[in-house]
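Now for the letters of each chain:
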Amino acid sequence: MVHRRDSTLQAQDPRPGSVLAGIGGLVLFIRHNDEKRVVLKGEGEKYERSANKGPIIGGPLSLIDTEGQIVTEKNLIGNWVLLYFGYTSSPDVGPAEVRKMANTIDILESRQNIKVLPVFVTIDPQRDTPSHLRTYIREFDSRIVGLTGPVAAIRQIAQEYRVFFKKIDEQGDDYLVDTSHNMYLINPNMEVERSFGVEYSTDELAEAITKEIKKSKITNSQN
Amino acid sequence: MALEAYSSQAADSVHSDVLSEARIACYKARDAFYACLEKESDKKPTESASVGLLYPAECKKNREAYVNQCRPTWVKHFDRQYCAKKRVQRLLDDNESRRGV
Chain E
1 MVHRRDSTLQ AQDPRPGSVL AGIGGLVLFI RHNDEKRVVL KGEGEKYERS
51 ANKGPIIGGP LSLIDTEGQI VTEKNLIGNW VLLYFGYTSS PDVGPAEVRK
101 MANTIDILES RQNIKVLPVF VTIDPQRDTP SHLRTYIREF DSRIVGLTGP
151 VAAIRQIAQE YRVFFKKIDE QGDDYLVDTS HNMYLINPNM EVERSFGVEY
201 STDELAEAIT KEIKKSKITN SQN
Chain Z
224 MALEAYSSQA ADSVHSDVLS EARIACYKAR DAFYACLEKE SDKKPTESAS
274 VGLLYPAECK KNREAYVNQC RPTWVKHFDR QYCAKKRVQR LLDDNESRRG
324 V
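Chains E and Z, in that order, are what the protein sequence lines are.
Each residue of the first sequence is one higher than the one before, counting from 1 in our numbering.
Each residue of the second sequence is one higher than the one before, counting from 224 in our numbering.
Here chain Z stands alone, though its shape is the one from the complex (with noise of 0.2 Å):
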């Protein structure tokens, strides 16, 4: 009886920002914005993103238009693994400095 419920309660709305337009378009800016802070890393970042992610001024359009076209959650995912993958390359980079410890 519940399922026979639900299925005539159910929206008919369909979130479109999850379906493949969007997602392209919210790949693509996201792409612009990490090409952005690779080409700028030797500026100085001044400007907070979220989960602690810092990027120089120069790519604050390309962030905004970046937070535009996806989801707030998504932004925050998609920083979070920036940050991880650039944390390993350190790790990884930086193997002289604790030799022979």
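Isolated chain E, as found in the complex (with noise of 0.2 Å):
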């Protein structure tokens, strides 16, 4: 009989030890990559989503004013914005919440000498062009910026203050959209600090401006 050696009681086939060697390799090549695209807490890109906060909104936006004129983030940021997203066509939630939206900026202006920019952006930019915005807007307060432009610019800013907005009742040519009719108010390094829907009225609306705008450390460049 003959007795095997140690040294060849080894595996005669190679293959589940360069298999294994091969796992092995993937999960490092898995973890160094992974690492690779660590981003540490506190530092990344300005619009990340936050991992407890939720999703941060808000955006860098690119519209057409009411004069035809581009406008983007740079020219509000230092303001102190309120922004809405409406439509001209609203039957009565529309106009109510712009005349609101005129008359907190008034309050604010002349009780707290507090200036806010109001800014209202359509989600109906197929019917809202800039010349009818002008017109619907100087009924309220010519202060108010009006904001449009074509499909995909809206639904980019509207993806990115997270605004639900849906074509409804359809009749032929026209159209309801159903929205939220949310404002939301953003502080002068263009982050949203927070955002107001129907129920706020008109004082209630200029308290809860104040009241953020004081707690806020960031002062308004221009006051």
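Wrong hints could be hidden among the right ones.
[Said to hold, decoys possible] Covered by chain Z, according to a simulated footprint, are these stretches of chain E (three or more residues, beta-carbon under 8 Å):
1) 123 to 135
2) 173 to 187
[What the hints assert, rightly or not] Here are some of the chain Z residues that sit facing chain E, going by a computed Cβ distance under 7 Å:
3) His-238
4) Val-241
5) Ser-243
6) Pro-295
7) Thr-296
8) His-300
No lab work stands behind these hints: they were computed from the structure.
The model shown is predicted, which means the values in this text are computed figures rather than measured ones.
For glycine and all other residues, C-beta sits at the position ideal for the given N, C-alpha and C.
Assemble the dimeric complex from its two separately framed chains, guided by the hints.
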């Protein structure tokens, strides 16, 4: 009988070893890749998601105002902005909200000496052309900046601000737009502080905005 | 580039039926119609407005003025609101019939 020596007790088949080595290499490679992609907490781009506060809404915008000029976020930086997403063909809520916005701006300026820039972005750009928007806004308060643009640009800004809008009740060419009619308060750094719904009256809105501005440490560059 | 193209192509038309003059006229016609409905609420509703709202024939003229002044989608919207308000009223007033259930 031939006794096999220890040295020949190694596995004759090299396949299991190389497979294990391959898996180990793959694991190391994936780990290396993940470590390369790490974004440390607190760094990263300005508009990334925040893990515990939810998505950071807001972002760059590029729209046309009522004079046909291009407006980007650079035009808004440095001001407190009250941003409203609406449309001119709203039966009742739309005009009430715009009226509320105009009155709130008046109260803030006269009583609290706070300048807030009101902005109306239309979520119905196909019907709200710049000239139509200008005529509509002029009936409320010509300080309101009206913004419109091609549908893709509006869709992008609605996505950034998580604004819901949907055409409903389509009858031929006519339709209503279902939307949340939210107003967003944006600080001079183009960050969204908070949003206000339709349940806020003019006085409540003015009071809430005053509180937010006084609480914030960022001062308006024009104040 | 798309933005410049948009601003040069955008039509100069203004939809005047959402501006305040037309809006106020629409609201007045709407209020007149609903006031008529309240007034004639004891008559049998025979005519059909939109979204299932029925109204008595006495209010037909008000209805026509209303439909002429306002956009059809607005008419539907206000009718729906009126129906919802009526339903809530009915539920609030009708708290006797299901007592003890």
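To see whether the hints hold, each was checked on the structure:
By the rule of at least three residues with a Cβ nearer than 8 Å to a Cβ of chain Z, the coverage given for the segment 123 to 135 of chain E holds, with 6 such residues. With a cut-off of 8 Å between beta carbons, the segment 173 to 187 of chain E has 3 residues touching chain Z; three or more are needed, and the interface restraint holds. Restraint check, His-238/Z versus chain E: the minimum CB separation of about 6 Å is within 7 Å; hint holds. At about 5 Å, the closest approach between the beta carbon of Val-241/Z and any beta carbon in chain E falls short of 7 Å, and the interface hint on this residue holds.
Taking 7 Å as the C-beta contact cut-off toward chain E, the hint placing Ser-243/Z at the interface holds, the least distance being around 5 Å. Contact between Pro-295/Z and chain E, as hinted, is supported at the beta carbon level, the nearest pair being about 5 Å apart and thus within 7 Å. Residue-level restraint check for Thr-296/Z holds (minimum Cβ-Cβ distance to chain E is 5 Å; threshold 7 Å). With a least beta-carbon distance of about 5 Å to chain E, the hint placing His-300/Z at the interface is held under the 7 Å criterion.
Violation of the numbered hints given earlier is absent; every hint is satisfied by the structure.
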